[in-house]
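Student: Sequence:
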Amino acid sequence: MRRIEAFSALGVMALALVAVAAPVSAADQSYMAVQDLVPALAEPQAELDRGLPLDVLDELGGLNPDSTRFLGEDDKASYWVAQDEPSNVCLVIHTSWSTSSSCADFPRFHRSGIGMATGQSYEVPEDIIEAYLLPSDISPEQIAETGAYRDVKLSSQATKKLESDLLVVDTAASDKLSGETIERSSGESFQFTPLEYGPSSEGK
0 MRRIEAFSAL GVMALALVAV AAPVSAADQS YMAVQDLVPA LAEPQAELDR GLPLDVLDEL
60 GGLNPDSTRF LGEDDKASYW VAQDEPSNVC LVIHTSWSTS SSCADFPRFH RSGIGMATGQ
120 SYEVPEDIIE AYLLPSDISP EQIAETGAYR DVKLSSQATK KLESDLLVVD TAASDKLSGE
180 TIERSSGESF QFTPLEYGPS SEGK
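At position 88 of the sequence shown (counting the first as 1) the number is 87 in numbering that gives the first Met the number 0, and the numbers step up by one without a gap.
Hint data in this document are derived by calculation from the structure and do not stem from the laboratory. Please read all numbers here as calculations on a predicted model, not as lab measurements. Quick reminder that beta carbons are idealized off the backbone N, C-alpha and C, glycines included. Just so you know, not all the hints are guaranteed correct.
[To be verified] Below 20 Å or equal to it, Euclidean Cα-Cα: the simulated EDC-like pairs (lysine to aspartate or glutamate) are:
no. : residue 1 : residue 2
1   : 75        : 125
2   : 175       : 126
3   : 175       : 104
4   : 175       : 125
[Unchecked claim] Pair by pair, the computed Cβ-Cβ distance ranges are:
no. : residue 1 : residue 2 : range
5   : 64        : 180       : 35 to 43 Å
6   : 42        : 186       : 23 to 31 Å
7   : 187       : 41        : 20 to 28 Å
8   : 119       : 31        : 35 to 43 Å
9   : 50        : 182       : 36 to 44 Å
10  : 185       : 122       : 39 to 47 Å
11  : 187       : 140       : 14 to 22 Å
12  : 120       : 187       : 32 to 40 Å
Given these sequences and hints, build the entire structure.
Tutor: Pasting the structure below:
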């Protein structure tokens with residue numbers, strides 16, 4: 000794991016923890032397009048999808064404004080998927096105080112998805128936002144019991160169904176996520192590794 004600092008357009012610092020995937024082999028390179036694993040990216044961009052300011056996208060490493068797609072929201076944040084100029088898949092978490100992102104190239108996303116936790120402090124679990132963007136052939140139910148994750152809804156302004164598999168963890172729940180290896184019908188495996196954060200995870 001590695002800890003990074005992310006800044007919003009207002010200059011408010013947020014702590015962000017992102018998953019660092021292990022290298023993958025060339026055998027994991029699939030004939031599938033990224034849109035097959037993130038169906039939202041195959042949809043035409045709607046007005047709601049363009050809700051992230053251009054200067055914020057620049058600060059997040061130059062995310063392509065034409066690629067942003069709104070995934071859903073809850074009472075803590077809104078969740079988006081986008082691509083950067085190298086066409087990596089990026090999960091974006093936008094709150095009232097910061098916007099953070101984590102990106103993975105196609106083979107890594109196919110193998111292990113994208114995980115990110117963000118918050119102003121890791122001392123209070125209830126204040127942390129922890130989310131995972133999963134490939135479309137992996138469902139949240141394969142990773143966690145229902146009580147371990149939050150209900151993310153589409154905005155009332157949304158005109159399309161939430162198609163991507165977004166897992167937003169209920170960090171206040173007693174049920175914690177554990178590592179899982181899921182076998183795909185193709186014979187390939189998906190490796191889920193939960194994030195570790197808080198005082199006990201310092202230095203990992």
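Student: Each hint needs a verdict: does it hold in this structure or not?
Tutor: A quick look at each hint next to the structure:
Straight-line distance between C-alpha atoms of residue 75 and residue 125 comes to about 10 Å, which keeps the hinted pair within the 20 Å bound. Between residue 175 and residue 126, the direct Cα distance comes to roughly 16 Å. Compliance with the 20 Å bound is thereby established for this hinted pair. For the hint linking residue 175 to residue 104, the alpha-carbon distance of about 27 Å lies beyond 20 Å, and the restraint is violated. Distance check on the hinted pair: residue 175 and residue 125 sit about 13 Å apart at the alpha-carbon level, within 20 Å; holds.
A hinted range of 35 to 43 Å holds for the C-beta pair residue 64 and residue 180, which are about 36 Å apart. For the pair residue 42 and residue 186, the beta carbons lie near 29 Å from each other, so the given range of 23 to 31 Å is met. Checked against the hint of 20 to 28 Å, the pair residue 187 and residue 41 passes, with Cβ atoms roughly 21 Å apart. The beta-carbon spacing between residue 119 and residue 31, approximately 38 Å, falls within the hinted interval of 35 to 43 Å.
Checking the proposed 36 to 44 Å range against residue 50 and residue 182 shows it holds: the Cβ atoms sit about 37 Å from each other. About 42 Å separates the C-beta atoms of residue 185 and residue 122, a value consistent with the hinted range of 39 to 47 Å. In this structure the supplied range 14 to 22 Å holds for residue 187 paired with residue 140, their Cβ-Cβ distance being about 20 Å. Between residue 120 and residue 187 the beta carbons are some 38 Å apart, a value that agrees with the proposed interval 32 to 40 Å.
Figure legend: structure checked against the earlier numbered hints; the only hint not met is number 3.
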